[in-house]
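Take the sequences, apply the hints, and build the full model.
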Amino acid sequence: MSGVSFLAVVREVQVPLIAVLLIGGCAAKARQAFGTHHESGPTAMFPPRLRRPAVIALCATELMLGVALLATADRAGAGVPAFAVRAATALLFGTAAAALNELRTRKPDTGCGCFGDLSRTPVSWRVIARAALLCAAAVASIDVAPLSMPDSSRQAWLTLAAAAAELAVLAALSPEIGQVMTRLSHAEPCELREVPVGRTLSTLYASAAWRRCQRFLVATAPIDVWREGCWRFAVFPGVLASRRVDVVFAVHLTGRGAPVRVGMLDTGTAFATSWNASFPNPLQIYNRV
Amino acid sequence: MAWWRLQSHSGQVRRKPGIRAIRDNSVESGIPAWFSRRALLRAAVFDTRGQDLWAQRPTIATSVATGVIEGVREDAIAVHSGQATEFFGVSPSTVTWLGARVSPTALRTGDPVVIRYRRQDAAPKQRLAERIWARAGRVTGAILKVDGSEFLVDAGRRDKTPQRVVLAPASSRQIQVRFPRLAPGYLLDVIGTRHGDHLLAVSPATAQPPYHAGHSPRPPLTAGHVTVPISGSAVWHEPDDEPPGLLGLAYPAIDPETAAQPAHGGTGCVRLPYLSLGSTVRIRNECTDRTAVLPVTSDGAMAREFCDRCVMCGTSPKGRIADLTMAAFVELGGNLEDGCFNATLTTMTG
Chain A
1 MSGVSFLAVV
11 REVQVPLIAV
21 LLIGGCAAKA
31 RQAFGTHHES
41 GPTAMFPPRL
51 RRPAVIALCA
61 TELMLGVALL
71 ATADRAGAGV
81 PAFAVRAATA
91 LLFGTAAAAL
101 NELRTRKPDT
111 GCGCFGDLSR
121 TPVSWRVIAR
131 AALLCAAAVA
141 SIDVAPLSMP
151 DSSRQAWLTL
161 AAAAAELAVL
171 AALSPEIGQV
181 MTRLSHAEPC
191 ELREVPVGRT
201 LSTLYASAAW
211 RRCQRFLVAT
221 APIDVWREGC
231 WRFAVFPGVL
241 ASRRVDVVFA
251 VHLTGRGAPV
261 RVGMLDTGTA
271 FATSWNASFP
281 NPLQIYNRV
Chain B
1 MAWWRLQSHS
11 GQVRRKPGIR
21 AIRDNSVESG
31 IPAWFSRRAL
41 LRAAVFDTRG
51 QDLWAQRPTI
61 ATSVATGVIE
71 GVREDAIAVH
81 SGQATEFFGV
91 SPSTVTWLGA
101 RVSPTALRTG
111 DPVVIRYRRQ
121 DAAPKQRLAE
131 RIWARAGRVT
141 GAILKVDGSE
151 FLVDAGRRDK
161 TPQRVVLAPA
171 SSRQIQVRFP
181 RLAPGYLLDV
191 IGTRHGDHLL
201 AVSPATAQPP
211 YHAGHSPRPP
221 LTAGHVTVPI
231 SGSAVWHEPD
241 DEPPGLLGLA
251 YPAIDPETAA
261 QPAHGGTGCV
271 RLPYLSLGST
281 VRIRNECTDR
291 TAVLPVTSDG
301 AMAREFCDRC
311 VMCGTSPKGR
321 IADLTMAAFV
331 ELGGNLEDGC
341 FNATLTTMTG
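If you read the sequences in order, they're chains A and B. Per our numbering, the very first residue in the first sequence carries number 1; after that it's consecutive. Per our numbering, the very first residue in the second sequence carries number 1; after that it's consecutive.
Bear in mind the hints are in silico, worked out from the structure with no lab data behind them. Given the structure is predicted, the values throughout are model-derived calculations rather than measurements. Each residue gets a CB set at the ideal place from its N, CA and C atoms; glycine is no exception. Treat the hints loosely; a few may be bogus.
Claimed, not checked - Residues from chain A that face chain B, not an exhaustive set, calculated with beta carbons under 8 Å:
1) Trp-157
2) Val-235
3) Arg-261
What the hints assert, rightly or not - Subject to a maximum C-alpha distance of 30 Å in a straight line, what follows is the list of computed DSBU-like cross-link-like pairs (lysine-lysine):
4) Lys-107(A) to Lys-145(B)
5) Lys-318(B) to Lys-160(B)
6) Lys-318(B) to Lys-145(B)
7) Lys-107(A) to Lys-160(B)
8) Lys-160(B) to Lys-145(B)
Structure below.
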């Protein structure tokens, strides 16, 4: 295989690769566009009220260009449509590289936002180089002939090798890869995990401690629920030896089958009012002062 | 009151001393009974011996008093604390703050004050005021409206009432240097003196974050449990509907599942374990080496908004870990006009 034909294969790979990156980037941005955080990417330089519309517009542009690149890749879209779409893609990446360079100067703490929430790492030369590389790739794809299936297995392998090599280069220039790896390997410790009260109560109701103490309870709805790091406490009214007691369960927030501890407190006269009070919603009485 | 703990299927119980002391103490320290009740219930489940955060009685003020001035003399001031009139000696070394350092004679009857005092060695019953803060106030929140040098600020109060802030003409430039974006949506944190319905801002409490309210950066993703003690900045807030002398703190990581108002989750830019009202934490002022065990008495929503550092003694890590009541801040050795101190926080999960 000559060097010239290898270069031709590399150019042919660009169209589907860029299309996939654009559609992937749009999908990653979509969550950011409809969420509350629009502080990353070049749109962070916009006035606050324009940030969200700008993210949505950018997301839509990427989606349209990605779909149009795929639609004009074969013979049906050859000619002016393919030229226009690929030139617009090159313009988008060229503008992105310049905007990221500006962002790096004006807001050095801001991420590029290229892949939404994954792109929170401050803009570096790697990210700018990636945008410039994609701009060059889009320019290189402008006069590529309509795509077709490989003629031979050798050409197919060459195409795969070219795509893999380019993906490796892009991965090396992408801080998002590190974020993805961190997220995949990250398990929030129990003290930082948001755990619904309903799940805690399910764990409690399935526990041996609950079955053991259920006979002392006069209600199955908690009168108070609160949390201390990895433990959530639930208090139930009960009667033990003809005395009113509060039965308090501590449920560890590690999931089903987690440790459950129990204790009882004689309510005494000091808390008689809390006994007699009505508790329409146990979660709302929680913050009574 | 009896304390029983279920120990086996047969329902054996045993008594535990000290619970009455905890309950009685809650009344002394002004902690709502609802919170102290949680301490009792917690103690009913766990053996709290040797774990001071679970069992220790919350701190009682030993060096701070709050109230309203009833009279001023050259050598003493009389302060009505709501229950009785208390007298504090004043010496040339007493520092008095009323928007700036002033002479104690500048204080007027009716001024609300916070006093840090010490007992005199020769006469332990006599208390000498070390520092007096009069009409001290602080507004921390998101700017809602700007009208020249006047601002309406959403300080996250329970009644949703916006706070009115007026920049003192002499301090306007100084504040604008630290808060260059005095526009709706951006955050403001200023210290000043209370005058009727507004705060006359005389100094910035920190530097303005570059982001809008509600967009504070998230803490980095790191594996493993939270390492305690947690270092950061401790700030103070004015009482909302709390008693003026309450020793407690607004905690930035209130469990969103059981919060009074729907919380957006998250803990600001510091990894803090979720707690609830009534939980206790140990706070240490790194600058004065004073420590106190304090109850969580409110939601530190505004502390979550700021990702700043305190530079009172060295540079603290980013983020506010506690928003103390005025009395707790002063009790721990902080000076209200400084706005913060470098602090470490220990929770019982550590």
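Under 8 Å is the threshold here; is the Cβ of Val-235(A) close enough to any Cβ of chain B for the hint to stand? Check passed: Cβ of Val-235(A) comes within 6 Å of chain B, closer than 8 Å.
Given hint Lys-145(B) paired with Lys-160(B) - CA-CA distance at most 30 Å: holds (15 Å)
* To do: Verify the proposed pairing of Lys-318(B) with Lys-160(B), using a straight-line Cα cut of 30 Å.
  => holds (28 Å)
Restraint: Trp-157(A) near chain B, CB-CB cut 8 Å. Satisfied or not? Since chain B brings no Cβ nearer than about 38 Å to Trp-157(A), farther than 8 Å, the hint is violated.
Lys-318(B) and Lys-145(B) were given as a pair; does the straight-line alpha-carbon distance stay at or below 30 Å? holds (28 Å)
**Prompt:** Between Lys-107(A) and Lys-160(B), is the straight-line Cα distance small enough, at 30 Å or below?
**Reply:** violated (33 Å)
Would the hint on Arg-261(A) be counted as holding, given a Cβ-Cβ threshold of 8 Å to chain B? Cβ of Arg-261(A) sits 5 Å from chain B, so the hint holds.
* **Given hint Lys-145(B) paired with Lys-107(A) - CA-CA distance at most 30 Å** => holds (26 Å)
Checked against the numbered hints above, the structure breaks hints 1, 7 and satisfies the rest.
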